[in-house]
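If you're matching positions, the sequence shown starts at 24 in the numbering used here and goes up one per residue.
Just so you know, these hints were derived from the structure itself, not from any lab.
Do not take every clue at face value.
Quick list of the computed label-pair ranges, beta carbon to beta carbon [stated by the list, open to error]:
1. Leu224 / Ile200: 13 to 23 Å
2. Asn105 / Ala215: 14 to 24 Å
3. Asp116 / His44: 26 to 36 Å
4. Ile200 / Asn135: 26 to 36 Å
5. Trp182 / Leu217: 35 to 45 Å
6. Leu114 / Leu34: 30 to 40 Å
7. Glu227 / Ala166: 48 to 58 Å
8. Val214 / Gln47: 26 to 36 Å
9. Ala184 / Leu31: 30 to 40 Å
Being a predicted model, the structure only gives us computed values, none of them experimental.
Every residue, glycine too, gets a C-beta built ideally from N, C-alpha and C.
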Amino acid sequence: MIETLEQLRTLYAAPGERALHKQQPQLDVHCQRFIALSPFCVVASGGAHGALLDASPRGGAPGFVKSPDPHTLLLPDGSGNNRLDTLSNLLEDPRIGLLFMIPGVDETLRVNGTARLRDEPLYTDFFTAERQRPKLVIEVRVAEAYLHCSKAFMRSRLWSADAQVDRAALPTMGQMIHDQMGLATEPESQVAMLQRYRAQLAQEQQLGMLEMEHPLSRFAPSPLSRIAKQCGRGTPPARRGGPCARALASATPVSSAARGALRF
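Could you build the full structure based on these sequences and the hints that come with them?
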């Protein structure tokens, strides 16, 4: 059994210089472009006092996670099962890890940092143009970001059409949960479950459109106008880490190279 780093290192060659030093303390143009194209990420968190670690899938349209500046990510919290595992963990331990994926791309992007849960309109308003307003947003202060090589995806052939598994190879989700919990009721069919999920997602989308089309919304101040007002009241616009600096960054003209990576 391996119990020390010295024992572990005897099994593996020394890492190359590129692997050792590829981490960046912020999101560059390539990282931001990757996030803008990604419709899916896995969020890792862990609570205090030795709680088990948690990895939670999150998805949306490509670019559903926003990067208003190189030091910040904004992840909207979508509807789920209301266990709130990730959110509860982050209240106890703000450390967070994210793994971004793009369908058809074998490389992945890893981002580590610390998180805060934000429910202020300054944050939730970032997402009303494309979906129902989220109850809250996970604000991530980026500590490091780096690309991960394609070997795992090449080995698994995850995106290859001929590697896809027929859904019938597994029991339905309803049947598996029914068996695991020893339920006496009839398990929900796969068709019924998918219909229920689609109805919930369609309702979310419809509510988001109604929110955008509400007559009063035309007269409500935009997020950037509120931010500009806040910055005009003595808040140093360039103070790193403040919501003023982050939001102004999203309104500031960017280079042609960076413009393609940012979607608001």
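Here is what the structure says about each hint:
no. : hint                        : result
1   : Leu224 / Ile200: 13 to 23 Å : holds, 20 Å
2   : Asn105 / Ala215: 14 to 24 Å : holds, 20 Å
3   : Asp116 / His44: 26 to 36 Å  : holds, 27 Å
4   : Ile200 / Asn135: 26 to 36 Å : holds, 32 Å
5   : Trp182 / Leu217: 35 to 45 Å : violated, 22 Å
6   : Leu114 / Leu34: 30 to 40 Å  : holds, 38 Å
7   : Glu227 / Ala166: 48 to 58 Å : violated, 32 Å
8   : Val214 / Gln47: 26 to 36 Å  : violated, 46 Å
9   : Ala184 / Leu31: 30 to 40 Å  : holds, 38 Å
The structure shown violates the earlier hints numbered 5, 7, 8.
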